[in-house]
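Peer 1: Chain residues, written in single-letter form:
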Amino acid sequence: MKTRGSNSADTINRIRGALGEHLLNFEKKSGRRVYIDIAPETVLEASSLMFEETGARLQIATGIDTPAGIEVMYHWALDSEDCLVTIRATVAHEDPSLDSIATLCPAAEWIEREMWELLGIEFRDHPDLRHLLLDDNWPQGNYPLRKFPSGQEVIP
Amino acid sequence: MTYTIDALTKSLNVFHLAGSACNNCDIEILDALTPKYDLERFGITLVGSIRHADVLLLSGIFNRKATVRLKELLVQAPKPYLVIAIGGCPATGLMFRDSYNFEAPPSIPIDAFIPGCPPKPEAIISGVVTVIGALREGAIVPGCLQEPEANPQPAPEAVT
Amino acid sequence: MSKRTIVPIGPYHALQEEPEFFKLHVEGETVVHLDIELGYNHRGIEKLSESKDFEETVFLVERICGICSTSHPIACVQAVEDAGDICVPERALFIRSTVGELERIHSHLLWLGLAGHFLGFNTLWMWAWRFREDVLNILELVTGNRNHYGMMKPGGVRRDINDTDIPVIIKLLEGLKDPIAMFRDAVIEDPLVHARTRGIGVLTREKAIAYGALGPTARASGYDIDVRRDHPHAAYGMVDWDVITCGNGDVFDKAVVRILELFESIRIIEQCLNQLKTVTGPVDSDPRFVATGEGIGHYEAPRGEVFHYVRSDGSNRPVRHKVRAPSYMNVPTNRETVLGETIADATIILAAVDPCYCCTERMAVAVDSPGGRRLWGAQDLIRMSCEKTYELMDESGLRGPEPPPCAAAGQTRDSGR
Ligand code: SF4
Chain P
0 MKTRGSNSAD TINRIRGALG EHLLNFEKKS GRRVYIDIAP ETVLEASSLM FEETGARLQI
60 ATGIDTPAGI EVMYHWALDS EDCLVTIRAT VAHEDPSLDS IATLCPAAEW IEREMWELLG
120 IEFRDHPDLR HLLLDDNWPQ GNYPLRKFPS GQEVIP
Chain R
0 MTYTIDALTK SLNVFHLAGS ACNNCDIEIL DALTPKYDLE RFGITLVGSI RHADVLLLSG
60 IFNRKATVRL KELLVQAPKP YLVIAIGGCP ATGLMFRDSY NFEAPPSIPI DAFIPGCPPK
120 PEAIISGVVT VIGALREGAI VPGCLQEPEA NPQPAPEAVT
Chain F
0 MSKRTIVPIG PYHALQEEPE FFKLHVEGET VVHLDIELGY NHRGIEKLSE SKDFEETVFL
60 VERICGICST SHPIACVQAV EDAGDICVPE RALFIRSTVG ELERIHSHLL WLGLAGHFLG
120 FNTLWMWAWR FREDVLNILE LVTGNRNHYG MMKPGGVRRD INDTDIPVII KLLEGLKDPI
180 AMFRDAVIED PLVHARTRGI GVLTREKAIA YGALGPTARA SGYDIDVRRD HPHAAYGMVD
240 WDVITCGNGD VFDKAVVRIL ELFESIRIIE QCLNQLKTVT GPVDSDPRFV ATGEGIGHYE
300 APRGEVFHYV RSDGSNRPVR HKVRAPSYMN VPTNRETVLG ETIADATIIL AAVDPCYCCT
360 ERMAVAVDSP GGRRLWGAQD LIRMSCEKTY ELMDESGLRG PEPPPCAAAG QTRDSGR
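Residue numbers (numbering that gives the first Met the number 0), protein chains in the order written: chain P, 0 to 155; chain R, 0 to 159; chain F, 0 to 416.
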């Protein structure tokens with residue numbers, strides 16, 4: 000099997016350049032894993048850069064509750080260059096909201112619904128924000144994946 | 000052996016309800032019908048509705064959403080029926096028992112547990128044969144025919 | 000304009016064993032919209048994982064889905080290895096690929112059987128499942144269990160393959176080649192399968208990319224992705240095999256991709272087993288701790304890429320463990336593919352992505368709905384699907400005078416789910 004080599008340096012540099020001052024932190028863990036931090040307001044621009052201009056595939060988005068805020072990570076795969084790029088935005092506990100990328104990239108629709116119900120992140124302009132996995136009468140404000148709840152009780 | 004038990008234990012029509020299962024128990028149940036094990040030669044068939052069934056096979060834990068459906072389904076089941084739980088999930092909840100989306104095992108009369116994760120088709124067959132034997136000998140009475148107070152809840156102990 | 004009706008399918012029974020709930024919005028007989036409701040299978044595995052240590056997590060993710068029960072562990076241990084910079088001995092890589100490909104064969108045969116059942120081609124169902132038993136026997140020989148294998152651990156595998164077993168496995172694999180060739184001919188040359196699946200449920204390449212479709216669903220649409228080749232892991236970079244793609248994106252192409260992949264899987268296993276004769280050494284690097292960090296592991300499961308993200312804080316438990324199963328991306332494509340099709344075709348289209356709800360919800364039919372509406376059962380849908388096949392048979396003069404086996408059995412035997 001001929002593998003297409005891991006030759007992502009050019010693309011990564013282009014992404015870095017295009018993000019410009021939006022880029023808060025850049026970490027190259029290895030040739031195959033890159034982590035980029037951006038400000039939460041610029042998620043939509045960064046996603047359109049990845050999806051439309053770079054042609055990356057949205058693997059999935061993940062949310063993690065940390066003391067500093069809720070990290071939302073968008074995992075993009077550069078399939079032809081054997082590299083996974085993770086774009087990370089941290090939103091504050093007080094106002095956990097982000098722009099929805101579901102209209103740009105339909106693949107994100109379900110995961111945004113999931114993060115909304117499990118982590119309590121509001122996605123602005125999401126076409127259809129309602130429960131995906133949990134029961135419709137799941138108690139409001141009870142987010143199972145929150146670890147540092149500000150006032151919310153997590154069902155044990 | 001009463002007439003009811005005699006009729007119940009012949010040519011079982013089975014309705015299979017997968018709760019929040021991992022699919023493996025379900026597939027082993029189907030496996031028992033395919034050529035290698037071929038339960039259909041004994042008249043055991045799967046049916047598409049609980050209203051036609053003698054046996055309700057449960058697999059998987061039942062999460063909040065699925066428990067509601069299970070209760071609705073039991074109301075529709077024609078008596079007498081047997082409830083057989085396949086796998087470790089309905090018996091103990093396995094490692095899912097601490098999940099936020101899972102309360103307690105639903106309190107329904109379960110006549111037999113076939114343990115395993117998943118039980119092999121052979122185990123499923125042997126379990127069904129044992130239940131039928133016990134029913135015919137009068138050793139057990141189907142849970143649905145027992146008086147409610149004489150019907151101890153299975154409430155399995157925690158297995159850690 | 001005709002009236003719009005909602006046909007609920009599910010949640011208990013329909014196309015697969017798991018609960019799922021589709022609401023087909025139809026006008027006349029044409030599907031105009033599809034609403035998918037999940038949640039009957041949500042077990043909260045991502046949260047549970049945070050309370051297990053790294054070795055236990057593997058057993059937990061194995062129980063996400065009984066069909067992909069080695070794909071999730073492989074992706075999970077790769078994520079842990081990526082996070083903690085753990086190296087894996089070469090022999091373990093070959094064993095991982097062997098088990099993974101055996102699983103692909105059994106999963107594709109399972110799908111093929113169910114797809115045959117939905118078309119009223121019950122012979123295919125029984126045959127496919129009969130030969131699937133042979134694969135399970137090999138798996139039992141290699142791993143010790145038919146389904147949940149418990150083979151993977153961070154740093155390697157739990158069980159070695161004995162040298163004395165290798166010729167036996169190769170011989171059993173040989174025995175699978177003829178049946179698989181038979182299935183290929185049974186599906187690819189059967190005029191009825193053509194009539195029922197060609198041009199049905201088309202997913203275009205653009206839509207596949209937009210929805211992030213994966214695995215055979217994407218490859219049937221000409222979207223050439225395969226994580227095994229694009230992001231080499233396990234032993235896939237060290238053996239010779241091809242990625243199968245088709246161009247039309249209809250149900251037929253999805254079946255063809257899967258059947259041809261069976262041959263590639265056998266090729267991979269044979270090469271891995273041959274390598275195992277020469278590659279010696281331990282199968283486990285026995286890591287003592289997982290360093291602080293975050294890691295991503297992905298693996299091409301039978302249905303597409305499974306994705307695991309693990310963050311470790313240096314303790315023995317993950318701080319966060321994200322799981323994404325391939326059906327999570329593939330099932331939404333149904334919203335595109337069933338539009339404009341008839342209800343009778345919806346059965347096979349919805350099944351064509353090989354949906355796996357256990358995976359999708361990590362954590363899917365009909366009882367009567369609370370509102371007293373009658374929900375359609377699997378038997379209704381499969382009966383409609385079968386009837387369509389028999390009508391086509393009559394039109395083409397392929398059916399003999401005897402009653403069709405499935406229609407007769409439809410009353411009493413609705414075992415397919
Ligand atoms: S008992 Fe095991 S195999 Fe059966 S549904 Fe539960 S986890 Fe899956």
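Hints listed in this document are in silico derivations from the structure and should not be mistaken for laboratory results. Quick reminder that beta carbons are idealized off the backbone N, C-alpha and C, glycines included. One should not assume that every hint holds.
[Claimed, not checked] As a list, the in silico BS3-like pairs of lysine-lysine whose alpha-carbon atoms are at most 30 angstroms apart:
hint, chain 1, residue 1, chain 2, residue 2
1, P, K146, F, K22
2, F, K51, P, K27
3, F, K2, F, K206
4, F, K170, F, K276
5, F, K51, R, K119
6, R, K35, R, K119
7, F, K276, F, K22
8, R, K119, F, K170
[Said to hold, decoys possible] Negatives, chain F to chain R, calculated, CB over 12 angstroms:
hint, residue
9, G65
10, L113
11, T279
Peer 1: When the hints from earlier in the document are held up against this structure, which numbers fail?
Peer 2: 1, 7, 9, 10
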